[in-house]
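J.: Following the hints, complete the assembly by docking chains B, C, D, E and F onto the known chain A.
Protein chains in written order, with full-length UniProt numbering: chain A, 1 to 336; chain B, 1 to 336; chain C, 1 to 336; chain D, 1 to 336; chain E, 1 to 336; chain F, 1 to 336.
FYI, nobody ran anything at the bench for these hints, they're computed from the structure. Any given hint might turn out to be false.
Which copy is meant is left open, because identical chains are indistinguishable; a pair holds if it fits in one copy or across any two.
Unchecked claim - Taking lysine-lysine pairs in the DSSO-like style, the calculated list, with each CA pair at most 30 Å apart, reads:
{"hint": "1", "residue 1": "67", "residue 2": "226"}
{"hint": "2", "residue 1": "296", "residue 2": "67"}
{"hint": "3", "residue 1": "67", "residue 2": "227"}
{"hint": "4", "residue 1": "81", "residue 2": "238"}
{"hint": "5", "residue 1": "296", "residue 2": "81"}
{"hint": "6", "residue 1": "291", "residue 2": "81"}
{"hint": "7", "residue 1": "238", "residue 2": "180"}
{"hint": "8", "residue 1": "77", "residue 2": "240"}
{"hint": "9", "residue 1": "67", "residue 2": "81"}
{"hint": "10", "residue 1": "3", "residue 2": "67"}
{"hint": "11", "residue 1": "81", "residue 2": "156"}
{"hint": "12", "residue 1": "3", "residue 2": "81"}
{"hint": "13", "residue 1": "77", "residue 2": "238"}
{"hint": "14", "residue 1": "77", "residue 2": "227"}
{"hint": "15", "residue 1": "296", "residue 2": "196"}
{"hint": "16", "residue 1": "81", "residue 2": "227"}
No experiment lies behind these values; they were computed from the predicted model shown.
There are 6 protein chains.
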Amino acid sequence: MGKVVTLGEIMLRFSTDSGIRIAQTEAFTAHYGGGEANVAVSLANYGHQVAFASKVPDNALGEAVRKHLNRYGVDTKHLLKGGPRLGSYYLEAGVGERAASVIYDRAGSSFAVVETAEWNLEELFSGCDIFHISGITPALSAAWRDLTLVLIKAAKQAGCLISFDVNYRGKLWSREEAGKTIRTILPYVDYCSAGKLDAQHFLEVTAYDGDSEEEEASYYYREMQKKYPNISVFYSTKRKVHSASANELIGTLWSDGHYYESQCHLIDPIIDRVGGGDAFAGGVLHGLLNKADHQKVINFATAASALKHTVHGDCNQFSQEEVESFLALGSGKIIR
Amino acid sequence: MGKVVTLGEIMLRFSTDSGIRIAQTEAFTAHYGGGEANVAVSLANYGHQVAFASKVPDNALGEAVRKHLNRYGVDTKHLLKGGPRLGSYYLEAGVGERAASVIYDRAGSSFAVVETAEWNLEELFSGCDIFHISGITPALSAAWRDLTLVLIKAAKQAGCLISFDVNYRGKLWSREEAGKTIRTILPYVDYCSAGKLDAQHFLEVTAYDGDSEEEEASYYYREMQKKYPNISVFYSTKRKVHSASANELIGTLWSDGHYYESQCHLIDPIIDRVGGGDAFAGGVLHGLLNKADHQKVINFATAASALKHTVHGDCNQFSQEEVESFLALGSGKIIR
Amino acid sequence: MGKVVTLGEIMLRFSTDSGIRIAQTEAFTAHYGGGEANVAVSLANYGHQVAFASKVPDNALGEAVRKHLNRYGVDTKHLLKGGPRLGSYYLEAGVGERAASVIYDRAGSSFAVVETAEWNLEELFSGCDIFHISGITPALSAAWRDLTLVLIKAAKQAGCLISFDVNYRGKLWSREEAGKTIRTILPYVDYCSAGKLDAQHFLEVTAYDGDSEEEEASYYYREMQKKYPNISVFYSTKRKVHSASANELIGTLWSDGHYYESQCHLIDPIIDRVGGGDAFAGGVLHGLLNKADHQKVINFATAASALKHTVHGDCNQFSQEEVESFLALGSGKIIR
Amino acid sequence: MGKVVTLGEIMLRFSTDSGIRIAQTEAFTAHYGGGEANVAVSLANYGHQVAFASKVPDNALGEAVRKHLNRYGVDTKHLLKGGPRLGSYYLEAGVGERAASVIYDRAGSSFAVVETAEWNLEELFSGCDIFHISGITPALSAAWRDLTLVLIKAAKQAGCLISFDVNYRGKLWSREEAGKTIRTILPYVDYCSAGKLDAQHFLEVTAYDGDSEEEEASYYYREMQKKYPNISVFYSTKRKVHSASANELIGTLWSDGHYYESQCHLIDPIIDRVGGGDAFAGGVLHGLLNKADHQKVINFATAASALKHTVHGDCNQFSQEEVESFLALGSGKIIR
Amino acid sequence: MGKVVTLGEIMLRFSTDSGIRIAQTEAFTAHYGGGEANVAVSLANYGHQVAFASKVPDNALGEAVRKHLNRYGVDTKHLLKGGPRLGSYYLEAGVGERAASVIYDRAGSSFAVVETAEWNLEELFSGCDIFHISGITPALSAAWRDLTLVLIKAAKQAGCLISFDVNYRGKLWSREEAGKTIRTILPYVDYCSAGKLDAQHFLEVTAYDGDSEEEEASYYYREMQKKYPNISVFYSTKRKVHSASANELIGTLWSDGHYYESQCHLIDPIIDRVGGGDAFAGGVLHGLLNKADHQKVINFATAASALKHTVHGDCNQFSQEEVESFLALGSGKIIR
Amino acid sequence: MGKVVTLGEIMLRFSTDSGIRIAQTEAFTAHYGGGEANVAVSLANYGHQVAFASKVPDNALGEAVRKHLNRYGVDTKHLLKGGPRLGSYYLEAGVGERAASVIYDRAGSSFAVVETAEWNLEELFSGCDIFHISGITPALSAAWRDLTLVLIKAAKQAGCLISFDVNYRGKLWSREEAGKTIRTILPYVDYCSAGKLDAQHFLEVTAYDGDSEEEEASYYYREMQKKYPNISVFYSTKRKVHSASANELIGTLWSDGHYYESQCHLIDPIIDRVGGGDAFAGGVLHGLLNKADHQKVINFATAASALKHTVHGDCNQFSQEEVESFLALGSGKIIR
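Next up, chain A with everything else stripped away, as it sits in the complex:
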């Protein structure tokens, strides 16, 4: 099993029940999550040794974050306590044609206001196989744009492979800012989650002008590969959104000049879409750590993501055996 460090912000999500609007609700369900934290939980579920580094306030909410991560076996030695507040957001899940709606309240969080590398980087990256970070972190502040690179370089130096999820959030920065920063990061990256829009907007890949859906995905991966030959694996999902309650999901992966695609999962109904992408990334990293063949990697990762959509909360709750048995069984029968 591998040793992994992920670093990023973790927030408190306030969700209303299905069919209840934020403006009318009398109660919120509380979930703790964030891209890198969710990836950490997935990998811990699969038996890897995972640490999540972040910063949370030194109060009961920070303590709740620590308990949440510990519950799933994630090491919290590098979860710093301090700073002004825990970032949060409010989610009103979509139903059928109606899209989800989100109110972010993350400005000024303990993590966002970090200005220097407060973690003991030597200890953090020592013996670590993969360091995973996402494009949300450099989007938080100018300081974080610098700091992200500092962290990545330190990890690289310590011998980690760098896993980067582009994860563009338009509410945090402009495409221009994002592109500039991302292009300084990618030369250090080994595994990269980036899709067709990321290729166009941030990696300066020209739009595909053919008419074959099959070739389109390969095209973008190939072009991104050309620009960043240092990246050994690219991966992404193709999602067909029938409605907020029903999606089709296909995972795709590119490595060594080959394109791999999972079977298509019809996810209907969707219980909770948040964290679906993180479960996918977690599945890919798991496969790569285990040196599984690439078709198996993408099958596993996509199945893991499909499963995540069927449970409440940000984080995947399935073990390696459960994901594999789901892949083998592939239906909705009672097992008894």
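T.: This is chains B, C, D, E and F only, laid out in the frame that chain A set:
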């Protein structure tokens, strides 16, 4: 923005959770609503100045009604307090093939036993653009058959346009009684919600004998228009009931000899169907008050109705901006 | 109306809410049920005089079982109190592609450790039309394999028709053990619920090698009939599992050399699948008790089963009138 | 064990959670209960054969009433179905200094509009030891004033002892009306629940003018006894209301010229006070049926009432063994 | 009835259920409230015309605030929309000996970052009898210290009486800062809520050195009065904290050189203490607006505060009639 | 900070809501706990390095146990997976005079059927300061009587201090059996939780015949000390049970011939009493590990136990700082 008065009964709905029968439940969710009250809420959401006139008992339930309406910005100056009780009904929502089932307990309510126009009509209708009332009200008693006409005439005299929703309820009166009464009302009406069955049963329109589904809707509107040239706008929905959990909905509108139809909304899953028609009527009246073009009116109204089906409770909870953004976006994606 | 006795184990089911895993839940919903108990409730709902014989511990859980059965009008005179514990199981319902998952904790229950016929058999079967028992009971212990036969013979002698539901559970015994026991039981059986897999695994019927789906069902029934001419009615369902949330269900019945099939029910969404088969068996026995024609029997039973899938809990909550009105209406409209 | 018939109205109670007002609640807990129904449940819990006669609407609410009674082993053969509606009331439980508040919505119920003895009286009272009825029933209508007497006489003739609980409700009738009717009933009564205020207001007993609290209770019983020598047992409670959350309760009983008093129970906190008096009456009748000595009767009945205050819902949920073990143990320790 | 304006911050409170800690909870109950908003709701409940001025973000949470206030009949014309976020706090209610614990997350809220008087002051104060504001507002920022005085002066000029609640919060500013600001405000104040500690810490009153509890309260009022002869009414509560679940509460008031004290309320159990002081202030202002005699004012206000402690949420839910009937009845009996 | 190992059974507790009986409930709250597990959580909360050794089934319930312990920072390396089932029990909490009632369903659990020391004892006890075990474990089986001694000796040999909680459970073994076993254990024990009844029943101490409550506790400790001079610390609580909802609690400790007693805590209301004793033991061990003076040890431990009674669930949720601040503050005020 316009000034609107709606008048009718408002009831306490007791709902069981999905998958729980009335005969086994240990708890009921409480919602307050009624056709005209729901229209009032929709219009208040869109920024109009709306008053709802009714009568509720002078106890905590009457107070709950007042609070419910005030919450959505509906004026309750004309909500009288007194009389024996608040009408109620029990709803066991349908699931899939299984239809919803309803037990009414509305007889003898404070509103139903009203015998004379207890409201200050002059004040009620002063400066009002539209007076909206439905066919449920005259169905409540012989006194209400007379009173409904009294109210409509007073509103007309005060310069209001009259909006009437046929809304036939077979448990309250026979088709014959209904038809007789409705035909005394329609000559005063400006905007009328009436569908194909209403045309046949109450407006004495001969059944369509062609085989074009497209022409059928136009046919009924044209025939109704012939009989009541005073009515400037007719509107209705075409609903394809796949199951209690999935419906298709198309809005239709007739004005100036033209037929307008919205796009089709697939509502799957349905969270709560009650009030779907009222949200549609509210959307139509909003468009007419704003003098929007008729295609936009019907698009907006049908979208508003589709949205209503995705939230619990009788009343639409969406602002004009939200309905319009839903129309523009038209899918179930997370916005972040 | 008929008089029926069913006998078997009744357990406490712990269910998590949809989208919540057993390993993360903070609460369980409690339902009491078991194959024969559920059939008893269905038949009591339809107005038959039904007793359920079993054994439960002499504590509040045993008392809860008694209250549960009494609530639905099932006679509990033959529900013995004593023994070590109430069997239980944990159910995490499936969602979409994800299958349900079950943890059984039934070993050593008060019923399972019964060694001799503790019930007053003379009183139990006196005047009874049908004695219903399932293949789960002999699977519980060696003693129960003998005891099941003792009970069946006593019932037969008392003039009861014997109804047997094969209901194979692989977690309790092997196919070999099951087959051996079942084949000692079938010569006493009058009504038998057994499908295509039961025919192959336990009744030693050769697999169908044709390619007509229509003929396949008939084939198995015909072959089973050949082996057990004493059985006057065979019945079973054909279930197409689209996902854990959506199934298609067709009921089939064989009698007097004729094959009957119900219409197909699309069950979407499934609220609770547990007890769906028992509702079907209950519907068949109801039709047979009422000497309805066989097409009506299978239509009613399949409708009853489809309805069961739309409510929480093991037992069907619909009266004969409700099932028939569902059959007549066949859609998901609000009735008001 | 004895055979008992009770007859009266049963209603649907809507309760809010503690600390939530009716005018603000979004949900109600549903309980079914009524004085005579609650007594029936208590006696069935203690192993007596009890039938409850009433009338409820022929809908899911009537069915819920039947299921509720059956659950506790009460015979519902004489629970008629039909009429307009189920009476209901809304309860906002008191907290500390704040009293409970109740909204009745019971007018026009299926039971209240009964005009003639619709039950088969011969069958109803055949073999019955005690017929229990309360002063709420004659308060419902003029017809019920007559009918109550008809029922009591029929029961008397059939050999039943008559148990009557004065249970005056000021919202239903005046003291004058009540007194007149009650005085026509009492000559037929054997067991009577009546307290100090009942003695003064309805039995025309002069107010006690001594200053000994001990003698006061005896005084009223003695005077009532003088007026109605046919009544063999009088009983009542003395309740000291510290607050809506904490009460002291003492049971008192008079028979054969002797006064009996239970120990004092401090009930703190009170979970649900509704039905506390019915549990007391049920306990007294149980003791009288079992010919227990009078001190034991009053101890048991008061303990049963105290226990009732510790559970939600109208009806006592404790067996004879549980009440006795509570009496013996007398504290709040964990038993393990 | 009077016309009142209150101005201040309104926040979203997240509460856990009783006995559940913030660090372990999976859900929060949502309440909206703030000192001045709660006073506004109380006064609206009593029939006064009340506007609440504040600023909330232009999103669903801001909309929820508006709906909350409208529900209770508070005018929201002066509730501005805009700015970064809604302030919030997390409350873990105390139980018995264990104190409540609070995490504030109010920094940077839309209200706190206001720098200039964004409201139309002329319109805001026109015709208004009382302007109520608390010491929390100037504690929010340096800008707010100035702005508070600006608002008070404008209100004064427009003819309003100024009501000021000292309401010191040590987490927001030091005693020195608070004292300095408060002493610039008090010369404009007419009604002032200030207790013994306020007198010492902010009004520079020397500590009482006598030993009569009766005289102590008078002493502080007299001394404060000496320093601010412009203040016509001082009021405060004496609270004896037995535990987080049980308090004794006495209201005190000083006017025209006379000291008034309410009876003592034992509040046990406390359902929700938040807003208890605001309900008291609301009750005092109501009495003053109605020119009730001072003993009645303090009795009413203290009863209103005691009642508030028995319901969930920040705001008092009782009408004038309910408070008065509570005063008259003074116990916890069921009224029926 | 110290290093501690605790070993014992951990069970799934099913609790009903307050005021709901087991025989009527439709839902159970799930908590995981057991004496030694709860002590482990307390010590982990205080910052010690704690491992809990046990055995749970290899299914989702075993996984839930692991997650529960990890959440609180307890090391689960020695939590074995396997065996038949997880022990469970049902708890109906007491209310006021009514005692709690418990149904155990723990027979045949994965832990109870352990026959040999399946843990790697060398690794388990390496570097460990204290090994804590209770008298429940040897009560589970004859094998466990031997095994308990084996474990204690191995721990002793590895240099651990032995902490033993007598914790007699009459449902598991007789006083005779218990006494015999406990007396073989005590010669190895360093810290012992044993009270007055334990002294009499198992340590063969003659009953105190004086009349000073103060001297009684000392007497028993002194006599126990005489018999087991190897035990350096004895501790216990004196609990005055006013009712199931209100207790008084005093902690007592004996060491070096001195008797220490904490202040008295009035716990009212009690939220959840389960685990109160374990929180006390955890507090004592914490103090002993930190070599705090004995008065501080007993003050801290009793405060920790009092706090535990105010939260749901078996395990204490308070940090060292929170317990100390509770001791310092000592009341129920809001801190803000």
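J.: Against this structure, judge whether each hint is valid.
T.: Comparing the hints with the structure gives:
no. : hint        : verdict
1   : 67 <-> 226  : neither (43 Å within a copy, 44 Å between copies)
2   : 296 <-> 67  : between (33 Å within a copy, 28 Å between copies)
3   : 67 <-> 227  : neither (42 Å within a copy, 44 Å between copies)
4   : 81 <-> 238  : neither (38 Å within a copy, 39 Å between copies)
5   : 296 <-> 81  : between (39 Å within a copy, 28 Å between copies)
6   : 291 <-> 81  : between (36 Å within a copy, 28 Å between copies)
7   : 238 <-> 180 : within (25 Å within a copy, 52 Å between copies)
8   : 77 <-> 240  : neither (40 Å within a copy, 43 Å between copies)
9   : 67 <-> 81   : both (13 Å within a copy, 22 Å between copies)
10  : 3 <-> 67    : both (21 Å within a copy, 20 Å between copies)
11  : 81 <-> 156  : within (26 Å within a copy, 38 Å between copies)
12  : 3 <-> 81    : both (23 Å within a copy, 24 Å between copies)
13  : 77 <-> 238  : neither (36 Å within a copy, 40 Å between copies)
14  : 77 <-> 227  : neither (37 Å within a copy, 46 Å between copies)
15  : 296 <-> 196 : within (22 Å within a copy, 35 Å between copies)
16  : 81 <-> 227  : neither (40 Å within a copy, 47 Å between copies)
In summary, the structure is inconsistent with hints 1, 3, 4, 8, 13, 14, 16 from the numbered list given earlier, while agreeing with the others.
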